[in-house]
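S.K.: Residue numbers (this note's numbering), protein chains in the order written: chain A, 70 to 438; chain B, 233 to 487.
Keep in mind that the hints were calculated from the coordinates and are not lab data.
Some hints here could point you the wrong way.
[Said to hold, decoys possible] No more than 30 Å apart at the CA atoms, straight line, and that leaves these computed lysine-lysine pairs for DSBU-like:
id	chain 1	residue 1	chain 2	residue 2
1	A	K273	B	K455
2	B	K244	A	K72
3	A	K273	A	K433
[To be verified] To be clear about the criterion: a stretch of chain B counts as covered by chain A if any three or more of its residues have a C-beta under 8 Å from a C-beta of chain A, and this derived list gives those stretches:
id	region
4	307–316
5	329–342
Bear in mind the structure is a predicted one, so any value in this text is a computation, not a measurement.
C-beta: ideal position from N, C-alpha, C; glycine also.
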Amino acid sequence: MSKHYIRSVLSLSKAYMIRFFSDKTAMFFTFLFPLLFLFVFGSLNSGGSDISFRVALLNKSDSEFAQNFEQQATENETLDVNEDVGDLEEARDLMGRGELDSVLELPPEFGQIDESGVPSGSLVVYYSEASPQSGQTIAAVMEGVLDGINEELGHPEPPFDVEQRSTAVSGLSSFDYVFSGLLGFTILSLGIFGLANQMPAEKKTGAFRRLRAAPINSSHLIFANMVFYLSIGVLSLLMMLAAGILVFDFNMRGEWLDFSVMALLGIILMFGFGLAVGGWAKNDTQSSALSQVVALPMMFLSGVFFPRFLMPEWLQGITDWLPLTPIVDGLRLIMTEAKTVFDLGPEFAMIGIWTIVIYFVAVKVFRWE
Amino acid sequence: MKKTTKNIITVKNLTKRYGKDVVVKGTSFEVKEGEIFGILGPNGAGKTTTLEMIEALRPIDEGEVVLGGINVKDHPSKVKEIIGIQLQSTAFFDKLPLIEQLKMFNGLYGSSMDPAELLEEVQLTDKAKSYVENLSGGQKQRFSIAAALVNSPTVLFLDEPTTGLDPQARRNIWDLISSIRKKGITVVMTTHYMDEAEMLCDRIAIMDNGRIVALDTPHKLIKGLLGRGFKKAQVVEQANLEDVFIDLTGKELRE
């Protein structure tokens, strides 16, 4: 790439940048709109757990005491007992997705009459490493309950106690889940809607015609837009991250470098879709229709707003192939499970394939007018 | 004016088809270095299409154009580097100040013109920070010419530069075009206004139905017609209504 080429591209990017920062509407939709989503969804998903704890109760004991304890716990208002959970494996899964705060296990010997003639045992409280504090709180509540029982039994050795165990899977808080989805949404809407609407508008006014009179080709235009969209994409994500950290206590578990790599590749891929739609469309009627067709399935099926694990298996199988899915999954795995780029081979492969395909299509269907 | 014989543009058998329609039919002509060359003709005569093929903006179906020694069909990008183009319906980016537009074009052409100087040349210094969408018709055309001068072109193409402007703004553009020619830049322009062609152009080509039907200096074309025994139905006055208008409202720009 020659010096002249780079200068051409950068001067065009700069022009886009200046225009963008003097367009309040564009800035609103690019920066504030995703933030608004963040605040709405973030507050919906962060408040709930203060009032009651969602737990699963696994009773493995057949003692009368244990049956009684289970019934009491189910009626307790502090505990929201999920009664559909069958075993510890399933419960761990749910904790991993942030659907449960904790699992209470009553071991087989819990509540059995021991040699001193009173019921005894250890209640196991499983907590998720993502939110150990809620596990501790539940353990404390349970200790309080068992202490009451201990006192009533009046035995010198307290027969009941609480044992805390980690599930060893670092689970998600609900906000963490929503947050990676919202970052995916930001990348999607910036890449597709921004460019898909802007290019046809410029074809219509004739601004592209004038650019074409200069000694440049479509690659100048494509690279210039890419530089521009990467810059505002990075800005927008930084604002989202700042809000997530400052307002919602988002805690990054992975490496920022891994996160940045995934986010940049995500922006580049989504930009390709915007480019294909905007480059192809002759006017904004075509582009807005097509961009909806392209973006809506991703928005609703790639785990942006609705977690994919809630979908039926067959639909999960299909949505695995959507281009936004590996971006949202990848971001989430890095942000919440401290995965590195080396763990995300399948995600990068999927992003890579989609990127090649969409840029090939975009360059093929591009038209100046 | 200094007469040169060197041709800066040579057009040979230029043809353009849209489906079955032949819009430009084997047109040939030469433009001399340093002259103002006018292409006249009714709407749909093929003026703009001819211009756009020379400018490397539209593919050439048949024929050949050589501009400044460069074959347009073979090296479209090289041609674009040495010409300035003002399009008929020029639009520029919105929300981008004039001075920034010129900086951008500087970058696109890899040139280093002083944007402020260019704006001064077209009397838009006080509009440096305005957006194109807020300019008047005449200001827009002047800016469009400034943008076409960014790369110090050898040839400047103007497609109907005064259409839709008031008489004051038209005269102002005429002065601008004359001053550009004085710098040695060859100007090729199209127009619907005969007075404009007569006043500005050294030579004019009259196009109709995709062909050039006459090509000469305005003076010779008129002489030729008179020679064929033409007489106007009405005796020509020494002044016309536009002269009255200008006399009453002055030459000063209204914008």
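S.K.: For every hint, state whether the structure bears it out.
M.R.: Cross-check of the supplied hints:
Between K273/A and K455/B the CA atoms are separated by roughly 45 Å; this puts the pair beyond 30 Å, and the hint is violated. For the suggested pair K244/B and K72/A, the alpha carbons sit about 36 Å apart, so the restraint of at most 30 Å is broken. Annotation: proposed proximity of K273/A to K433/A holds, straight-line Cα distance about 20 Å (limit 30 Å). For the region 307–316 of chain B, the proposed coverage by chain A is satisfied: 4 residues have a C-beta within less than 8 Å of a C-beta in that chain, meeting the threshold of three.
Given a C-beta distance limit of less than 8 Å, the hint that chain A covers the region 329–342 of chain B holds, as 11 residues qualify and 3 suffice.
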